[in-house]
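Each chain, written out:
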Amino acid sequence: MNKTNQTSTRREFLRQSALTCGTTVASMAVIALILPDDAYAAGTTSEYDWDKHRWVYLIDTRKCIGCGSCARACRKENQVPEGMYRTWIERIAIPPEGEVHVDSPYGGEHGFEPDPPNAHVRKSFFVPKLCNHCSNTPCTQVCPVGASFETNDGVVLVDPKQCIGCGYCLQACPYGSRFMNPHTRTADKCTLCYHRITKGLPTACVQACPVGARQLGDRKNPNDPVNEILATQRVQVLQQQLLTKPQCFYLGLDMEVR
Amino acid sequence: MGHELIGFLFPNDVHIHWTLMIVLYPYVTGLVAGAFIVSSLYHVFDREELKPLGRFALAASFCFLSVATLPLLNHLGHPERGPMVVVTPNFSSAMAGFGILYASYFLVVILEIWFVFRADMIRYAAESRGFKRMFYATLALGVYDTSEEARALDHKITRILAAIGIPMACLLHGYVGFLFGALKSNPWWSTPLMPVIFLFSAVVSGIAVLIVLYQLAMKIKGMPIERETISALARWLWLFMIMSLTLELLEIMTLAYEKAEEWEVIGPLLANQLSISFISVQMVLGGLIPLILLGIVVVMGAYMDDRIRNTLSMVASLLLLMQVLAMRWNVVIGGQMFSKSMRGFRDTYVPGMFEKEGILAAAAILILPFLLLVVFERILPTFDHLGQKTGDLNLDLDSEPRLG
Ligand code: SF4
Ligand code: SF4
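Protein chains in written order, with the numbering used here: chain R, 192 to 449; chain B, 14 to 417.
Read the hints as simulated data drawn from the structure, not as lab findings. It cannot be assumed that every hint is accurate.
To be verified - Derived CB-CB ranges, DEER-like: (1) P272/R x K169/B: 57 to 65 Å; (2) V428/R x I289/B: 35 to 43 Å; (3) K314/R x P180/B: 51 to 59 Å; (4) G365/B x G391/R: 29 to 37 Å; (5) S105/B x Q431/R: 35 to 43 Å; (6) I289/B x Q431/R: 54 to 62 Å; (7) R320/B x H374/R: 55 to 63 Å; (8) M366/B x E419/R: 26 to 34 Å; (9) P296/R x P180/B: 49 to 57 Å; (10) Q427/R x L120/B: 28 to 36 Å.
Where is the CB? At the ideal position from N, CA and C, for every residue including glycine.
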């Protein structure tokens, strides 16, 4: 093989490689364009700036009367399938001795029977639950395709257009906040009514609660009453030992609540 | 589904999300890893006694590997988006590595197969004509060099690939254990021992399936079952099953003795929901009994009639195959039998026969690799070279080709 011949094949090779690389990059760009990264932005108003908010949630268990309005409102607002729960209410009944009794018939959606089953109970209360929008979330960490993600304003969401339905996040959430939506066949959970809060509305559950046991707060709003409570009162989170840093805070929690 | 719920479960926890398919997935990858390691024992470490299995184990590993993704895809809510795990992986996820690991391991296995069988492919091409010739020529990728040097090179490359494959097989399978072990939300899964337990039981299942298949294949082909081969396999199997059983027990005993908070759910879980599948099947029937049977083979091996040795190791292998399946079941399903409220259990879980992820689908997926193996054997026989090249292989003239 003579010199010129060699150079020409080398040039040919380089040209080919460049072409291959170019095509790859181009197709990746196309894929990136097709992939919906603005699925949620679509639902928000253009004035909404997610860097100006940091959403938190506050539940006062001492106020909750277990009426289930929040759970019903949530099901309606978000078309939550029957048998699945984005929010639910637990009743904890702690007798002076013996087993703690916890129940949540239909997620507390239809309220509770008047008496806790154990007649001697002197300590009994309701605990509303929902996704804690953990800021150190095991659920988004494990998602193999990044369909579960955290927004800049602190809300943990699932993109149903990307979710492959593997269920890993369901296993990773220690609070039972997630379920597999049988209609979309993707992971589903509380969105903190992202479509509402980004328009300046409260979440459906907060709006529905007749006693103000549920409140939405914005950490970046200095005048927010929730901030005042978080700053001055003793609050707790669920399963603190797991270090998931829940952003849903509780007032009046008992050690028996998990 | 008619299940009973005991105590308080979080309302979303009454569903079993990971079903029979997720039980199969680690089972099949375990067979892959185990079979590959046996094949490498021959190709890398020159364990002559395993020579009859060197190629067959590789082929078996390949066939299991080919179906390893099926249970996963069948499980996904959106299998058509499955490839996104490779296209847009989220690297903080333990699961994201699967695609890459799987693909690279597949590549290593295919390459190794090609180098091992290359000379055969060329020979078959030369011996046949028409379509068959074309087929083998295509398999050989147009390289027809069978000179001494070329074959020596094949050998060298095979050895390198087999060596690379060992850590990869370990990774692939240890990684499956990691998927479970790295979830702090679940006390039954969350332990750093999980990858190691998975790995050892993988090797156990791989060796066991080879003992069964080897004996069957020899019977079908009317070839002798080599005493050295079975003895060696039984020895390795015994060693690995002891380690695997020890680890499985250690994990439970530590939890029980520590009276760790996890024990509050794991204790009742083992005593009730898993009493049959864990204690009876995984520990006694699939653990203790093969331990004794293989122990007899290993200790008394020299004085043993071939037929007895073959039967004992066959029975032990079948029991161990069941044991490893039970272990996968106990991990995957067991981990979902209680609620994360740590206050409630479901009574039983019985997969449906005809569900998408039911028993029938599982059986089909489990049978598939064996059918593939039959096809593979047709195309590239894995035992034929044994009789041909050298005469020194029939050392064992009095060995009986019969099963017990
Ligand atoms: S509560 Fe569960 S689903 Fe919600 S952010 Fe935390 S881990 Fe994720
Ligand atoms: S189910 Fe969907 S959101 Fe959850 S981990 Fe799998 S892909 Fe991610």
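Okay, the hints, checked on the actual structure:
At roughly 59 Å, the beta-carbon separation of P272/R and K169/B lies within the given 57 to 65 Å, and the hint holds. In this structure the supplied range 35 to 43 Å holds for V428/R paired with I289/B, their Cβ-Cβ distance being about 39 Å. For the pair K314/R and P180/B, the supplied restraint of 51 to 59 Å holds, since their beta-carbon distance comes to about 57 Å. Distance hint check for G365/B and G391/R: the Cβ-Cβ separation is about 48 Å, which falls outside the suggested range of 29 to 37 Å.
With their beta carbons about 22 Å apart, S105/B and Q431/R fall outside the hinted range of 35 to 43 Å. Taken as a hint, the range 54 to 62 Å is violated for the pair I289/B and Q431/R, whose Cβ atoms sit roughly 37 Å apart. A hinted range of 55 to 63 Å holds for the C-beta pair R320/B and H374/R, which are about 59 Å apart. In this structure, M366/B and E419/R break the distance hint of 26 to 34 Å, their C-beta atoms being roughly 59 Å apart.
For P296/R and P180/B, the Cβ-Cβ distance of about 53 Å falls inside the hinted range of 49 to 57 Å, so the restraint holds. For the pair Q427/R and L120/B, the beta carbons lie near 51 Å from each other, so the given range of 28 to 36 Å is not met.
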